[in-house]
Amino acid sequence: MVVLTLATPLLGVAMTMICVLLGQITKSFAIDYFGWFGVKKQATNPLRLVALLLVGLALCFVYLGAQ
1 MVVLTLATPL LGVAMTMICV LLGQITKSFA IDYFGWFGVK KQATNPLRLV
51 ALLLVGLALC FVYLGAQ
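All letters in the sequence shown, in the order written, are residues 1 to 67 by the working numbering.
In short, the hints are calculated from the structure, not lab data.
Quick caveat, the model's predicted, so the values are computed rather than measured.
Don't be surprised by glycine CBs; every beta carbon is placed ideally from N, CA and C.
Some clues are possibly wrong.
Claimed, not checked - Pair ranges (Cβ atoms, derived):
#, residue 1, residue 2, range
1, 20, 43, 20 to 28 Å
2, 57, 5, 21 to 29 Å
3, 21, 44, 16 to 24 Å
4, 38, 5, 27 to 35 Å
5, 6, 27, 32 to 40 Å
6, 41, 63, 30 to 38 Å
7, 13, 57, 26 to 34 Å
8, 14, 48, 20 to 28 Å
9, 65, 36, 30 to 38 Å
10, 54, 7, 21 to 29 Å
Throw the hints in and build the complete structure from the sequences for me.
Here's what the structure looks like:
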C-alpha cells in the first residue's frame with residue numbers, strides 16, 4: 001500500500017490503477033500456468049493473451065496521453 005501511496009501522485013490515478021490491474025492479471029496467468037498454490041494447471045488461452053495485451057496497450061495509451 002505504501003507503494004501505491006507514493007506512486008499515485010507521480011503517475012496519476014489512471015496509470016497506477018492500470019499498472020495494478022496489469023500486475024494482477026499477469027500474476028493470475030503465472031498461477032494458472034504453473035499451478036501454484038495447489039491450483040490445477042491451465043493452458044494459456046489465446047483470448048486471455050489478447051486481453052493481457054489490451055491491458056498493456058491501455059497502459060501505453062494512458063502514458064502517451066499524459067505527455
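Hint by hint, here is what the structure shows:
Here the CB-CB span from residue 20 to residue 43 is close to 26 Å, well matched to the stated 20 to 28 Å. Distance hint check: the CB atoms of residue 57 and residue 5 are about 27 Å apart, consistent with the given range 21 to 29 Å. For the pair residue 21 and residue 44, the beta carbons lie near 18 Å from each other, so the given range of 16 to 24 Å is met. A C-beta distance of roughly 33 Å is found between residue 38 and residue 5, which places it inside the suggested range of 27 to 35 Å.
Checking the proposed 32 to 40 Å range against residue 6 and residue 27 shows it is violated: the Cβ atoms sit about 21 Å from each other. The hint said 30 to 38 Å for the Cβ distance between residue 41 and residue 63, and at roughly 34 Å that hint holds. For residue 13 and residue 57, the hinted distance range of 26 to 34 Å is not satisfied, since their beta carbons lie about 19 Å from each other. For residue 14 paired with residue 48, a C-beta distance near 23 Å keeps the hint of 20 to 28 Å intact.
Range check, residue 65 to residue 36: Cβ separation about 35 Å, and the 30 to 38 Å hint holds. A hinted range of 21 to 29 Å for the beta carbons of residue 54 and residue 7 is consistent with their spacing of about 22 Å.
Of the numbered hints stated above, those contradicted by the structure are hints 5, 7, listed in ascending order.
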